[in-house]
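One line per chain: the protein sequences are F and P, in this order. Counting along the first sequence from 1, when you hit position 135 you're at 135 in the working numbering, and nothing is skipped either side. For the working numbering, add 160 to where a residue sits in the second sequence, where the first one is 1.
What the hints contain is simulated information worked out from the structure, not anything from laboratory work. Take these hints with a grain of salt, some might be off.
[Unchecked claim] Computed cross-link-like contacts, EDC-like style, restricted to lysine to aspartate or glutamate with a CA-CA straight-line distance of at most 16 Å: (1) LYS14/F - ASP300/P; (2) LYS345/P - ASP109/F; (3) LYS25/F - ASP300/P; (4) LYS77/F - GLU132/F; (5) LYS77/F - ASP109/F; (6) LYS352/P - GLU340/P.
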Amino acid sequence: MSSSFEFTSENQKKFQEILKRYPTKRAAMLPAMHMAQAQHGFIPPEAEEYIAGLLDVPIIDVREVLSFYSLFLQEAKGKHHIKVCGSLSCWLRGSGEIREYLLEKLGVDEGELTEDGKFSWETVPDCLGACELAPMLQVDGYFEGCLTREKIDEIVKERT
Amino acid sequence: MPIVKILSEFFGNEQARDLQWRLKHGGYEAARKAFREMQPDEVTQEVIKANLRGLGGAGFPTGRKWTFVPKDSDKPTYLAVNCDEAEPGTFKDRYIVEWDPHRLIEGIIICSYAVAIHTAYVYIRGEYVRPYERLQKAIDEAYEAGILGKNVLGNNFQLDVFTHRGAGAYICGEETGLLESLEGKKGWPRLKPPFPALVGAFGCPTVINNVETLSHLPKIIEKGGQWFADLGVERSGGTRLFALSGCVNKPGVYELPAGTPFRELIYEHGGGILDGKELKAIIPGGTSAAVLSADQVDLPMDFDTLAKVKSMAGSGAVIIMDEDVCMVKALHNIQNFFAHESCGQCTPCREGTSWVYRILSRIVEGKGSPSDVETLRGLNQNMSGTSICALCEGASMALGSFLEKFGDEFDYYAKYGRSYVEDARKGAVAV
Ligand SMILES: Cc1cc2nc3c(=O)[nH]c(=O)nc-3n(C[C@H](O)[C@H](O)[C@H](O)COP(=O)(O)O)c2cc1C
Ligand code: SF4
Ligand code: FES
Chain F
1 MSSSFEFTSE NQKKFQEILK RYPTKRAAML PAMHMAQAQH GFIPPEAEEY
51 IAGLLDVPII DVREVLSFYS LFLQEAKGKH HIKVCGSLSC WLRGSGEIRE
101 YLLEKLGVDE GELTEDGKFS WETVPDCLGA CELAPMLQVD GYFEGCLTRE
151 KIDEIVKERT
Chain P
161 MPIVKILSEF FGNEQARDLQ WRLKHGGYEA ARKAFREMQP DEVTQEVIKA
211 NLRGLGGAGF PTGRKWTFVP KDSDKPTYLA VNCDEAEPGT FKDRYIVEWD
261 PHRLIEGIII CSYAVAIHTA YVYIRGEYVR PYERLQKAID EAYEAGILGK
311 NVLGNNFQLD VFTHRGAGAY ICGEETGLLE SLEGKKGWPR LKPPFPALVG
361 AFGCPTVINN VETLSHLPKI IEKGGQWFAD LGVERSGGTR LFALSGCVNK
411 PGVYELPAGT PFRELIYEHG GGILDGKELK AIIPGGTSAA VLSADQVDLP
461 MDFDTLAKVK SMAGSGAVII MDEDVCMVKA LHNIQNFFAH ESCGQCTPCR
511 EGTSWVYRIL SRIVEGKGSP SDVETLRGLN QNMSGTSICA LCEGASMALG
561 SFLEKFGDEF DYYAKYGRSY VEDARKGAVA V
């Protein structure tokens, strides 16, 4: 990995547009982090420095934001990261069994990478906002619900 | 009461998110009417007449809230649209944004016209990827068609609408946490006063409204405030979207008049309890609301009725629990969420939520003791009314109501190290 970080030229253009939306530079913090993460997979220290420079704020301010928001990652996850919803409505509809099956199927504990680096998974205590699909999970950004063992087999197979 | 669909008219219709189709089906007609026939103040008066209440959770009267914005400020006024939707059990705003984003945009235009706002930010939770894509596409189309931008719908009125994506913090749904996050900071709620209507985003007057609240505006302008008020109950007009989930046959979003009883939602619309089981408990407005017992199923689901029984209508998220649900484990699940999402700036909330969660974990693991239940009761008294925002109050309302209504289950679990419900199912209750 190189030790410097920069937005791609396309992202630099996008970022200039985003700055115009707000009366302060700092307000572009979350958009900049989303963009850095989309570009790099997670937000490395070099990107923190880069964003601090773009926004004219001390690095510590970027750090603070980075560690506050759970969607911003400080290290790489699997190519396909699976988040199982562990909140109430999903729990009522059997998220516990879904977790057991994923553990069996992927063969790694929560937070760890499969050997091929393709998958990682975790259970989140937050409701993901699709309880009508309970039990559900989020993978590659999108929701998959009404989960069964077969459905999980499919989700994994499609991405293997 | 005949079924009236205001917000859900086009749910399930793949074409409705397309601007051209939507324009042929009433899209932006109400906003045009407002510009053509009404003064901004008249729009606000119509919304007051409609008895529209904030549907993000607090139920504050919407028109009244707009009147708090100073008219003579030399600063710009902002609109922050709350699409953080992270209260467990809540998924109704997602339906609006995914199926009918132009209804929301039209609502944003109407509110902006009424309050003289020229910049609106839609704060949408980071987990909502597809909803965000659909909303952004609708906004882009609206700009291209001249519906947003320099001359909204051909009028001498400028309005910019921007999306702002959150990043996985429930507390950013709290209105001042949202403002902090919008400003590029961690989402620590602010002490009030000053209220956002005076000092909100970027130090300027700001209106904050929920997606569903704003999406009601087009019909209110089209049909009149009185028409909307008449659909609801005395102090809460119109319909609202109930997000039904948990142990029911047909979970989903149902649009019903504000004063509809739970029974109708659960049994007529939701297809009854899963596997023909008995109803045990209802969480009426997201997990911050006090749990209700099965014998309260005939209560109407409006703000004032539920406040009277010391619960709340909240976000309209109705979570159903059947006879086989262990209430100790259910509360353990709920408190895990609050402990995880407390932003940590007030001691009673930070320490209280994590302490409650740890004690419940101990009980659920079979390592509790009867005094743990007493400790929980004591903790609860120190958690309400002592902190900056209402998260702590919500955690406390959940805790207190579970202990009050299902206390026996907690005592049993703490004493014997096993779930009463599970023992009862096995016919092995300790005596
Ligand atoms: C912890 C907490 C979380 C909240 N989350 C949301 C939310 O996700 N969406 C929302 O619209 N309101 C949420 N609210 C309520 C907002 O603070 C605010 O009352 C609402 O956005 C105002 O809009 P309304 O009057 O249209 O409901 C939350 C409140 C608290 C205390
Ligand atoms: S009550 Fe809890 S969530 Fe709200 S500001 Fe205080 S610590 Fe943060
Ligand atoms: S509880 Fe899982 S999506 Fe809401």
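Hint by hint, here is what the structure shows:
1. LYS14/F - ASP300/P: Given that 16 Å is the threshold and the Cα spacing comes to 15 Å, the pair holds.
2. LYS345/P - ASP109/F: violated (33 Å)
3. LYS25/F - ASP300/P: violated (23 Å)
4. LYS77/F - GLU132/F: Violated - the C-alpha atoms of GLU132/F and LYS77/F are around 28 Å apart, more than 16 Å.
5. LYS77/F - ASP109/F: holds (13 Å)
6. LYS352/P - GLU340/P: Roughly 13 Å separates the two Cα atoms, so the pair holds.
In summary, the numbered hints that this structure violates are 2, 3 and 4.
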